[in-house]
Every structure is written in C-alpha cells, then in structure tokens.
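Reading the sequence shown from the start, the letters are residues 1 to 117 in the UniProt record's numbering.
The set of hints was computed from the structure by calculation and includes no laboratory data.
Here the structure is a predicted model, which means the values were calculated and not measured.
Straight-line alpha carbon distances no greater than 16 Å define the calculated EDC-like cross-link-like pairs of lysine to aspartate or glutamate that follow:
#	residue 1	residue 2
1	Lys-62	Asp-24
2	Lys-29	Asp-57
3	Lys-65	Glu-86
4	Lys-65	Asp-24
5	Lys-46	Asp-57
6	Lys-31	Asp-21
7	Lys-76	Glu-86
8	Lys-62	Glu-74
9	Lys-29	Asp-51
10	Lys-29	Glu-53
11	Lys-76	Glu-47
12	Lys-31	Glu-74
13	Lys-31	Asp-51
14	Lys-46	Glu-86
15	Lys-31	Glu-68
16	Lys-31	Glu-53
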Amino acid sequence: MEENCHQDKICSSKDLLAVRDALDVLSGKWKLQILISLLNGARRFKEIARDIEGISDRMLSKELKELEANQLVERKMYDAFPPVVEYNTTAHTRSLHTVIYALKEWGYLHRKTILEN
1 MEENCHQDKI CSSKDLLAVR DALDVLSGKW KLQILISLLN GARRFKEIAR DIEGISDRML
61 SKELKELEAN QLVERKMYDA FPPVVEYNTT AHTRSLHTVI YALKEWGYLH RKTILEN
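Generate coordinates for the entire structure from the input sequences, incorporating the hints supplied.
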C-alpha cells in the first residue's frame, strides 16, 4: 500500500482492480437479490423466484449458473422422484455478509438523503 494511503482508502490500480473483480461477480439487477434470498437458507428454484419480484425463470437459471461458477452458490440434487434441486450459499458467500449489510445501511441512508431534498 502506498505510504500516504490510509487503510480505509482505495489508492492504487491494484485496489481498483480488486473492486472491479468484485463488481464483475456481483453486478447486475439480480445477483445480490438471489444471494440475499439464499442467505435465509437453502431454497428450491421456485422459492427463489417467489422471493425476487420480476425475475424470469430463464434469468434466474442463468444467474444461478454464474453464481455457482463463481463458487457463491452450491446446487444440490436429491435422488427423488420428481427430482429435487436445492440451492444454498457457500462459505465463500458468507464472507459477503458484511458487504451486504453495509450496502443495506447505505441504501437506507441514501433513500433518506434523496427524500429529504
């Protein structure tokens, strides 16, 4: 880290690259909503779809595959008839809890700021 850089500041191109990597994985309208749904516990596909207003089955399927590829979601298939598939968070996802909490707090602050002006 640069000499004049405080721990809570983003100072270098390496720091910006790390932020870009995080945004690449989490960006979009649906990914964080899916993760928040799953932070409440394992869910089946239709349960996730019910939690997230406006998401199509096709988009949910696409986003779940991307989250699984990034090791943020695990898919577990049970040997049953009809087949049962559950999605859950991984330990890696749980490391995002403080980030999601901070976004929630900032969202409340932002909404209050905008509504007051």
